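There are 2 protein chains.
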Amino acid sequence: MRTLVLLSLLGLIVTCQAEVFTSLVDLEHVIYTESSMLDALREYVKQEELKIQKVKKLMDELQKANTEAVQDPEHYLSHPVNGLLLVKRFIWEWSEVENIIRLDVPKTNYLVNISQYRDYFPANEDLKGAGAALLRLQDTYKLDTKSIADGNIEGTWKSPPLTAHECFEIGRIAYNAIDYFHSRLWMLEALHRVERQDDPDKTVEKADILDYLSFILYMNGDMDQALSYTEQLLAIDPEHERGNSNKRYFEYHVSKKQQPRGEDDEEEDEDDD
Amino acid sequence: MRTLVLLSLLGLIVTCQAEVFTSLVDLEHVIYTESSMLDALREYVKQEELKIQKVKKLMDELQKANTEAVQDPEHYLSHPVNGLLLVKRFIWEWSEVENIIRLDVPKTNYLVNISQYRDYFPANEDLKGAGAALLRLQDTYKLDTKSIADGNIEGTWKSPPLTAHECFEIGRIAYNAIDYFHSRLWMLEALHRVERQDDPDKTVEKADILDYLSFILYMNGDMDQALSYTEQLLAIDPEHERGNSNKRYFEYHVSKKQQPRGEDDEEEDEDDD
Chain F
10 MRTLVLLSLL
20 GLIVTCQAEV
30 FTSLVDLEHV
40 IYTESSMLDA
50 LREYVKQEEL
60 KIQKVKKLMD
70 ELQKANTEAV
80 QDPEHYLSHP
90 VNGLLLVKRF
100 IWEWSEVENI
110 IRLDVPKTNY
120 LVNISQYRDY
130 FPANEDLKGA
140 GAALLRLQDT
150 YKLDTKSIAD
160 GNIEGTWKSP
170 PLTAHECFEI
180 GRIAYNAIDY
190 FHSRLWMLEA
200 LHRVERQDDP
210 DKTVEKADIL
220 DYLSFILYMN
230 GDMDQALSYT
240 EQLLAIDPEH
250 ERGNSNKRYF
260 EYHVSKKQQP
270 RGEDDEEEDE
280 DDD
Chain B
10 MRTLVLLSLL
20 GLIVTCQAEV
30 FTSLVDLEHV
40 IYTESSMLDA
50 LREYVKQEEL
60 KIQKVKKLMD
70 ELQKANTEAV
80 QDPEHYLSHP
90 VNGLLLVKRF
100 IWEWSEVENI
110 IRLDVPKTNY
120 LVNISQYRDY
130 FPANEDLKGA
140 GAALLRLQDT
150 YKLDTKSIAD
160 GNIEGTWKSP
170 PLTAHECFEI
180 GRIAYNAIDY
190 FHSRLWMLEA
200 LHRVERQDDP
210 DKTVEKADIL
220 DYLSFILYMN
230 GDMDQALSYT
240 EQLLAIDPEH
250 ERGNSNKRYF
260 EYHVSKKQQP
270 RGEDDEEEDE
280 DDD
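Chains F and B, in that order, are what the protein sequence lines are.
Heads up: the first sequence runs through residues 10 to 282, numbered per this note's numbering.
Heads up: the second sequence runs through residues 10 to 282, numbered per this note's numbering.
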């Protein structure tokens, strides 16, 4: 069974996404491209650290000379050697510092090094394709969102746990594909992770998740829930323009729904006659 | 006596160099300018170190993900979450790395910060003036070159010991002012320091010193010594063009001088008659 799942998954990706980047072969190339880019980045860090050491060394020498000068400038300058050295410091050492900083060799080298790989960089289209493949899989095999996000799919495949931001991005891919069903699932997963304060460095803004959720629930026809998410959004960001305008809209529709069958309905019945 | 020396020194610098930068007042301003530039440089180093930390953190995360992927790309990519995360890494994390490197905020900030001080930077003219003041002092008080270079002037003034490069530069200032007497003294001091391997980071090329010395001695009419320095230069740099051409010239003049009074002299006597 698992082999079948795996094979059909491969087939799914390869046949349906043939014209997009996400064929297995192309993504393998991206993996190796990434390895090369990591080599370039490691070299950048090494060169940068050497550069900073050089600058710090010059800075310490300049500081030492300047500290002495500042203590008693008149006395310091009474010795013409000191005056000469002061002038010389600007013409040599300070120029050298400025050149090191301005030329910025590590940056130049890094950007040149990675330029050869740019043609192999995935783009937004590939993200859409990869996201769509994931959602198709989820749909086909009725996979639980949390399980996918935790990296626990039926014990077979290993994948890292997803961050709130990653769940949010999958939710956005679904949203942009007008797949509100999956968008809601992934936005809720993102919301849970934010509320659990999972991975604080990469967290997405809770307000942004609620903004999407309120619209998704509205599109699903659930005004009560849309209003509820909007109110949560406004509790965080009371000035949120769309939130405020949506609130009035949702409140109107919720109150209209709650009105007992009365005047309006009798008027409608009369119109129908 | 010392007070007199100090006062006349002040007077010497102020009156003779009034139109050049090296009045005491202006150099005092340069000292304070340098202090401000050191603040800007310290800030640059701090921002650079934070930037590197940020890049290293991203690099470690990217390396971790890529290491797993590279172990078995096909297996890794069999899970569509991994494919999605791979694509996402390029669109988010790798872009973020590139932006941090490309924008180079610390460099921009530093160059902006110091731009306000550029009007107060001493220039080559000021170096000439400061050097001339020093040489005038040396001349007036018959000060020993080594003592000045060691920072030991008659026990009164303190100045730091000079490097070989600094002695060379003073020698050059004198040379450019056609002051071969002092130029020779300072070039010799530079040579001694190079041979003592004093301060290896800032050393000047021995060949450059010998190049100047051979010309200075020639200008002083001392062909033997000029030849000797030229031969020492060629021992270090056998392809030195000027050295090779000078050698032939000096050798000719030395040999002419060494010829015993004979034919040529008798011919000269006859011409005189």
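Treat the hints with caution; some may be incorrect.
Any copy will do: because identical chains look the same in the list, a pair fits if it lies in one copy or spans two.
[Claimed, not checked] Lysine-lysine pairs mimicking DSBU-like chemistry, simulated, CA-CA at most 35 angstroms apart:
(1) K137 to K167
(2) K63 to K215
(3) K155 to K256
(4) K73 to K266
(5) K63 to K256
(6) K266 to K66
(7) K215 to K66
(8) K55 to K116
If you're looking for bench data, these hints aren't it; they were derived computationally from the structure.
Please read all numbers here as calculations on a predicted model, not as lab measurements.
Right, here's what the structure says about each hint:
1. K137 to K167: For K137 and K167, the Cα distance is within 35 angstroms only inside one copy (22 angstroms; across copies 71 angstroms).
2. K63 to K215: Between copies only: 24 angstroms across, 44 angstroms inside.
3. K155 to K256: within (30 angstroms within a copy, 86 angstroms between copies)
4. K73 to K266: neither (78 angstroms within a copy, 53 angstroms between copies)
5. K63 to K256: Answer is neither; intra-copy 59 angstroms and inter-copy 40 angstroms both fail.
6. K266 to K66: Neither. Shortest intra-copy (74 angstroms) and inter-copy (53 angstroms) distances fail the 35 angstroms Cα cut-off.
7. K215 to K66: between (46 angstroms within a copy, 24 angstroms between copies)
8. K55 to K116: both (11 angstroms within a copy, 18 angstroms between copies)
Hint compliance for this structure: hints 4, 5 and 6 are not met, and every other hint is.
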